[in-house]
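Listed in order, the protein sequences are those of chains P and G. Counting in this note's numbering, the first sequence runs from 2 upward without gaps. Counting in this note's numbering, the second sequence runs from 2 upward without gaps.
Hints in this document: simulated from the structure, not taken from any laboratory. Please note that the accuracy of each hint is not assured.
Copies of the same chain are indistinguishable here, so a pair counts whether it falls within one copy or spans any two.
What the hints assert, rightly or not - Here are the simulated SDA-like cross-link-like pairs (lysine to any residue), alpha carbons at most 25 Å apart as the crow flies:
| # | residue 1 | residue 2 |
| --- | --- | --- |
| 1 | 372 | 157 |
| 2 | 349 | 409 |
| 3 | 302 | 325 |
| 4 | 302 | 46 |
| 5 | 349 | 324 |
| 6 | 156 | 298 |
| 7 | 408 | 112 |
2 protein chains.
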Amino acid sequence: MTSPWVNDSNVALFTDLYELTMLQSYFHEGMDGTAVFDLFVRRLPEQRNYLVVCGLEHVLAYLETLSFSAEALSYLRSLNRFSDEFLKSLAHFRFTGDVHAIPEGTIVFANEPIIEVVAPLPQAQLIETFLMNQIQVATLAATKAARIVRAARGKPVIDFGVRRMHGADAGIKEPRAFYVAGVAATSNVLAGQLYGIPVSGTMAHSYVQAFEHELEAFRRFVRQFPEAILLVDTYDTLAGVRNVIELSRELGPKFRVTGIRLDSGDIAQLAVEARRLLDSAGLNHLEIFASNSLDEYSIEKLLNFGAPVDGFGVGGRMGVSSDAPMLDTAYKLVEYAGRATMKLSAHKGSLPGRKQIFRDSRDTVALADEKLPGQPLLVKYMENGVRKIPEEKLQAMRSRCESEIRKLGSADAGHAVELSPGLCELRAHTLDLIQEDTS
Amino acid sequence: MTSPWVNDSNVALFTDLYELTMLQSYFHEGMDGTAVFDLFVRRLPEQRNYLVVCGLEHVLAYLETLSFSAEALSYLRSLNRFSDEFLKSLAHFRFTGDVHAIPEGTIVFANEPIIEVVAPLPQAQLIETFLMNQIQVATLAATKAARIVRAARGKPVIDFGVRRMHGADAGIKEPRAFYVAGVAATSNVLAGQLYGIPVSGTMAHSYVQAFEHELEAFRRFVRQFPEAILLVDTYDTLAGVRNVIELSRELGPKFRVTGIRLDSGDIAQLAVEARRLLDSAGLNHLEIFASNSLDEYSIEKLLNFGAPVDGFGVGGRMGVSSDAPMLDTAYKLVEYAGRATMKLSAHKGSLPGRKQIFRDSRDTVALADEKLPGQPLLVKYMENGVRKIPEEKLQAMRSRCESEIRKLGSADAGHAVELSPGLCELRAHTLDLIQEDTS
Numbered sequence: 002m003t004s005p006w007v008n009d010s011n012v013a014l015f016t017d018l019y020e021l022t023m024l025q026s027y028f029h030e031g032m033d034g035t036a037v038f039d040l041f042v043r044r045l046p047e048q049r050n051y052l053v054v055c056g057l058e059h060v061l062a063y064l065e066t067l068s069f070s071a072e073a074l075s076y077l078r079s080l081n082r083f084s085d086e087f088l089k090s091l092a093h094f095r096f097t098g099d100v101h102a103i104p105e106g107t108i109v110f111a112n113e114p115i116i117e118v119v120a121p122l123p124q125a126q127l128i129e130t131f132l133m134n135q136i137q138v139a140t141l142a143a144t145k146a147a148r149i150v151r152a153a154r155g156k157p158v159i160d161f162g163v164r165r166m167h168g169a170d171a172g173i174k175e176p177r178a179f180y181v182a183g184v185a186a187t188s189n190v191l192a193g194q195l196y197g198i199p200v201s202g203t204m205a206h207s208y209v210q211a212f213e214h215e216l217e218a219f220r221r222f223v224r225q226f227p228e229a230i231l232l233v234d235t236y237d238t239l240a241g242v243r244n245v246i247e248l249s250r251e252l253g254p255k256f257r258v259t260g261i262r263l264d265s266g267d268i269a270q271l272a273v274e275a276r277r278l279l280d281s282a283g284l285n286h287l288e289i290f291a292s293n294s295l296d297e298y299s300i301e302k303l304l305n306f307g308a309p310v311d312g313f314g315v316g317g318r319m320g321v322s323s324d325a326p327m328l329d330t331a332y333k334l335v336e337y338a339g340r341a342t343m344k345l346s347a348h349k350g351s352l353p354g355r356k357q358i359f360r361d362s363r364d365t366v367a368l369a370d371e372k373l374p375g376q377p378l379l380v381k382y383m384e385n386g387v388r389k390i391p392e393e394k395l396q397a398m399r400s401r402c403e404s405e406i407r408k409l410g411s412a413d414a415g416h417a418v419e420l421s422p423g424l425c426e427l428r429a430h431t432l433d434l435i436q437e438d439t440s
Numbered sequence: 002m003t004s005p006w007v008n009d010s011n012v013a014l015f016t017d018l019y020e021l022t023m024l025q026s027y028f029h030e031g032m033d034g035t036a037v038f039d040l041f042v043r044r045l046p047e048q049r050n051y052l053v054v055c056g057l058e059h060v061l062a063y064l065e066t067l068s069f070s071a072e073a074l075s076y077l078r079s080l081n082r083f084s085d086e087f088l089k090s091l092a093h094f095r096f097t098g099d100v101h102a103i104p105e106g107t108i109v110f111a112n113e114p115i116i117e118v119v120a121p122l123p124q125a126q127l128i129e130t131f132l133m134n135q136i137q138v139a140t141l142a143a144t145k146a147a148r149i150v151r152a153a154r155g156k157p158v159i160d161f162g163v164r165r166m167h168g169a170d171a172g173i174k175e176p177r178a179f180y181v182a183g184v185a186a187t188s189n190v191l192a193g194q195l196y197g198i199p200v201s202g203t204m205a206h207s208y209v210q211a212f213e214h215e216l217e218a219f220r221r222f223v224r225q226f227p228e229a230i231l232l233v234d235t236y237d238t239l240a241g242v243r244n245v246i247e248l249s250r251e252l253g254p255k256f257r258v259t260g261i262r263l264d265s266g267d268i269a270q271l272a273v274e275a276r277r278l279l280d281s282a283g284l285n286h287l288e289i290f291a292s293n294s295l296d297e298y299s300i301e302k303l304l305n306f307g308a309p310v311d312g313f314g315v316g317g318r319m320g321v322s323s324d325a326p327m328l329d330t331a332y333k334l335v336e337y338a339g340r341a342t343m344k345l346s347a348h349k350g351s352l353p354g355r356k357q358i359f360r361d362s363r364d365t366v367a368l369a370d371e372k373l374p375g376q377p378l379l380v381k382y383m384e385n386g387v388r389k390i391p392e393e394k395l396q397a398m399r400s401r402c403e404s405e406i407r408k409l410g411s412a413d414a415g416h417a418v419e420l421s422p423g424l425c426e427l428r429a430h431t432l433d434l435i436q437e438d439t440s
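Bound-form chain P, shown alone (with noise of 0.2 Å):
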């Protein structure tokens, strides 16, 4: 058998069953007016400040190729729920709405829209799985890479982190984000090759163990790979760095190592004494690189602790997001047919109408045809499928990134956000008209 792989041919089944049960009852009663929904973070995480958005050129690109094959019209046809003039207008099914969107690599908040898709009803629901599957693992990515870099002083940061991330395709949507969100370089090849992003990697312990003594193994490494980083921990660290000493002596002039890398044990006392040996030894230029477990809050306190670290390998924290695994985004009908719409759920509510964000000193969540002062953040990427803007380089994103974080000024800033008074009288009317038919 091959593996079953997610691709564009099969991706239209890749939503919730209700999305199906509710598009066939929207077939029969024949309401296809148009929908707004809004894509938005109801709270952020207790550890997270702000968002880094990502992920928006996967939505568009499955946008415009969304239809569903005859395989999946069996499969569906197979589970004896649908009928079957629904199925038959499936075949026909297309994306023809529009999409207002925020540039992917700008910072976010809480209730802010980062996606309104203004399309035919069934249209608009269908996509929600795919939308939110896609925007959160990217936006939760490059967030967390963004607290990462900035903690790094400066100092590269390279994702080590594809083995411990959940699955292939966040293997390499997730470097993607990383980059945008100013980390160097991915160790992984594919998403290397798929998103022209800068790859890297040293060398494993097991290289180290495949021969008999450390020195030999790293003498036979540099044939190849003469400016390697050389991982020294696999038995103990300091006899490890020793070694590479060793090596520079053997090699003399030809020795052109550039670093170390240092992935176990009390990273910050072991490159301090590491840099001791490399320095008295004159190999002043050589690099320390440190891996192992390491996030925001560790590269913060290695770096006050003044270790002399020049670059960091981060691995699973990072690729899985492990002190924040999930947000609480929310794909939301805002509007049908011309009537505003909200939910009231208890701590799960959501506001009303078509919607522009304008960012001033703070940012403020207006209707769409309120005018206000400030920067408005959606921009409409795609009108009636098709898209109205060209596929931005990730350079221009993470240039965006890198501006929007220091404009934010301290790390753990916030941003106040505030409702226009157009939305707060829709959103006091809606209520109204809602809580008539409740009460």
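Mind docking chain G on chain P? Use the hints.
Showing chain G alone in chain P's frame:
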């Protein structure tokens, strides 16, 4: 553009750059002796007393088809790091080794090899990244789900988590793992299609909002899906329940709704009140289905409280294994060219030699050529790159998991893992050799 996906033709590049770097060195040094690598979990997360092994089938499918496409080689060439001879050799790369593994659905503990790969060194090395990525996501998911299923005490658990999982691959592979662990169904239609697992779903708040009145939404929905579970908390949960009762009066004998879903607020209290309302309207047969940030902890509280909940829709907390979103997995060289190897790095050591695990009243990790009492856990799935054991049905893995967890006894039972005399001796011997070298 189309969205990038991982698939059979590019997955060879789904590897850390250092794997390829090491492979080039092995190639030029002629190091293609037999290597043995163990994939295991070093320490269990604090919140876990056992793991449910999962994901093997995807690993075997990958190993059966693994090869480098012309496009992959051309990308590697463009990096200007690899020699032409080495890249040419990659064009013929195939996996020709043996794979010993613990069947999916089995319970395991720390330091027990889940997979043991015996293959020429470069082959066994290259596959590290993918194996770790795939086994971790499936094992995390199955383990979390097993805890949730157990907490639900026989009431059905449905997976609603795809929107919060990390990416699309997790979105299909986790539902499979959940099913192995006893989850009744998934909301992800594509996972249903690819793995033949049951799909399930109710309705979203947006459906209710798309109508001006909640009761009207319920009326229309049951036209298509008379046996629906109606979502009652869009505006006010108990008002929603009253609308369900009103609908039952309108429809009389044609009312075939099977339940209601509560998705916000104090579920325990609301379930009690909803039950009372339904019962006093003669709707005793309607089931109450709960969702809203559920996990094993909140389900246990609900049931201990005596909340009359008949089933659980579990989302992101299961989908990201939120209290333990990663495992301390390792893939370590334990033998090369007949020589046992081990790693000594602080808190990150490994056990040398080819292994077997014998499960009796406790588990003993032993050398492969030892014979101890108990059931051997590692089974040879692949020999010389060819599968020896056909693909197992998910239902068989699910039964195995259920029976293993039943045997474990209490929900938080641990299980003693010992090392055999042979393994202890080999470890001491290998340590001596290494210390001679490093001292």
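Hint by hint, here is what the structure shows:
no. : hint      : in the structure
1   : 372 / 157 : neither (42 Å within a copy, 51 Å between copies)
2   : 349 / 409 : neither (28 Å within a copy, 39 Å between copies)
3   : 302 / 325 : both (20 Å within a copy, 23 Å between copies)
4   : 302 / 46  : both (22 Å within a copy, 23 Å between copies)
5   : 349 / 324 : both (23 Å within a copy, 22 Å between copies)
6   : 156 / 298 : within (15 Å within a copy, 41 Å between copies)
7   : 408 / 112 : within (21 Å within a copy, 47 Å between copies)
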